[in-house]
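Chemist: So the protein sequences, as listed, match chains A and B. With the first letter of the first sequence counted as 1, position 55 gets the number 55 in this note's numbering; the numbers rise by one all the way through. If you want this note's numbering, it's the position in the second sequence, counting the first as 1, plus 97.
Bear in mind the hints are in silico, worked out from the structure with no lab data behind them. Heads up, a few of these hints could be off.
Restraint ranges, calculated between C-beta atoms of paired labels, are given here [to be verified]:
{"hint": "1", "chain 1": "A", "residue 1": "R14", "chain 2": "B", "residue 2": "E166", "range": "30 to 36 Å"}
{"hint": "2", "chain 1": "A", "residue 1": "L76", "chain 2": "B", "residue 2": "E166", "range": "28 to 34 Å"}
{"hint": "3", "chain 1": "B", "residue 1": "L216", "chain 2": "A", "residue 2": "D53", "range": "29 to 35 Å"}
{"hint": "4", "chain 1": "B", "residue 1": "S180", "chain 2": "A", "residue 2": "T26", "range": "34 to 40 Å"}
{"hint": "5", "chain 1": "B", "residue 1": "P190", "chain 2": "A", "residue 2": "K58", "range": "26 to 32 Å"}
{"hint": "6", "chain 1": "B", "residue 1": "Q151", "chain 2": "A", "residue 2": "F95", "range": "45 to 51 Å"}
{"hint": "7", "chain 1": "B", "residue 1": "T183", "chain 2": "A", "residue 2": "F95", "range": "33 to 39 Å"}
{"hint": "8", "chain 1": "B", "residue 1": "T183", "chain 2": "A", "residue 2": "T10", "range": "24 to 30 Å"}
Calculated pairs, EDC-like style, for lysine to aspartate or glutamate (alpha carbon to alpha carbon, straight line, at most 20 Å) [unchecked claim]:
{"hint": "9", "chain 1": "A", "residue 1": "K66", "chain 2": "B", "residue 2": "D215"}
{"hint": "10", "chain 1": "A", "residue 1": "K75", "chain 2": "A", "residue 2": "D65"}
{"hint": "11", "chain 1": "A", "residue 1": "K75", "chain 2": "B", "residue 2": "E106"}
It should be emphasised that the depicted structure is a prediction, and the values quoted were computed from it without experimental measurement. Idealized CB from N, CA, C, for every residue including glycine.
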Amino acid sequence: MTDLALRAPTVADRQLVQEIIDRYETRRPAGVRRVDFTTFGEDWTGAPAVYIDLIVDKSVKPTMDKARELNDFIKLIHDDIIDSKFEFWPYSRTFTE
Amino acid sequence: MALHHDLLEQAAHLASREPRRPRQASLRRAVSSAYYAVFHLLSAEGAKRLSPPQRLLRAQVGRAFAHREMHEVCRQFAAGSLSATTAALLSTPLEYELRYVARVFVELQNARHAAGYDLSANFDRFTVFQELGAARRAFDA
Numbered sequence: 001m002t003d004l005a006l007r008a009p010t011v012a013d014r015q016l017v018q019e020i021i022d023r024y025e026t027r028r029p030a031g032v033r034r035v036d037f038t039t040f041g042e043d044w045t046g047a048p049a050v051y052i053d054l055i056v057d058k059s060v061k062p063t064m065d066k067a068r069e070l071n072d073f074i075k076l077i078h079d080d081i082i083d084s085k086f087e088f089w090p091y092s093r094t095f096t097e
Numbered sequence: 098m099a100l101h102h103d104l105l106e107q108a109a110h111l112a113s114r115e116p117r118r119p120r121q122a123s124l125r126r127a128v129s130s131a132y133y134a135v136f137h138l139l140s141a142e143g144a145k146r147l148s149p150p151q152r153l154l155r156a157q158v159g160r161a162f163a164h165r166e167m168h169e170v171c172r173q174f175a176a177g178s179l180s181a182t183t184a185a186l187l188s189t190p191l192e193y194e195l196r197y198v199a200r201v202f203v204e205l206q207n208a209r210h211a212a213g214y215d216l217s218a219n220f221d222r223f224t225v226f227q228e229l230g231a232a233r234r235a236f237d238a
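Only chain A is shown next, with the shape it has when bound in the complex (with noise of 0.2 Å):
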């Protein structure tokens, strides 16, 4: 059993998160608009998770090497936030507007 108690994000804990996000903005992929974390919360297990949301514009065609730059451009926030011991894991989600 995971022995991380879920817990109310801070301001200090949201901040952390949008100045990761901020410090890649310069290296986001062409199509992704912005990038979100509107949701705390849980994941499967119950463990502490922060949602960060890629929204990418509806006119990109979705293909391997398209999600692959995604995928390149999420880990780099993924493993900042990891390596900054934050009790929130990572999880990213892709939505297209």
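Given the structure of chain A, go ahead and fit chain B onto it with the hints provided.
Modeler: Below, chain B alone, put in the same frame as chain A:
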């Protein structure tokens, strides 16, 4: 071909079915297959290292791998911070590639759970291609 390779191939097939209007069932099962491909890859590799070479024993060791426990250990590996119990099992430093595979496992497992049970989630091909791409990279690591 080993089960994990077949599952990865199945995930690719399901992700690309219905080229114009993919069905949620196909996309969700693609995510699930991608997860199980990595799960069985790790189980097979783990069993190979932990068990005697007899095929039957190896299969039994492989069956001992459980999803939730693997999730917890993979989180430790991905973060590079091992509990004393896990650290005691290792004789070499954590390699970057192994940390990456562990991270992919944690992410895929959560995605699989959503794909299987979260009916409010809407899966699109981008997300599925990303999960498939991550699984493929874990195989190559």
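Chemist: Evaluate each hint against the coordinates.
Modeler: Structure-based check of all given hints:
1. A/R14 x B/E166: 30 to 36 Å: 31 Å, holds
2. A/L76 x B/E166: 28 to 34 Å: 29 Å, holds
3. B/L216 x A/D53: 29 to 35 Å: Between B/L216 and A/D53, where Cβ atoms are some 19 Å apart, the hint is violated.
4. B/S180 x A/T26: 34 to 40 Å: 37 Å, holds
5. B/P190 x A/K58: 26 to 32 Å: Since the Cβ atoms of B/P190 and A/K58 sit about 44 Å apart, the hinted range of 26 to 32 Å is violated.
6. B/Q151 x A/F95: 45 to 51 Å: At 49 Å between Cβs, range holds.
7. B/T183 x A/F95: 33 to 39 Å: 35 Å, holds
8. B/T183 x A/T10: 24 to 30 Å: Roughly 29 Å apart at Cβ, these two residues keep to the hinted range, so it holds.
9. A/K66 x B/D215: The given pair, whose Cα atoms are some 26 Å apart, is violated under the 20 Å limit.
10. A/K75 x A/D65: Holds, because 15 Å separates the two Cα atoms, which is no more than 20 Å.
11. A/K75 x B/E106: 24 Å, violated
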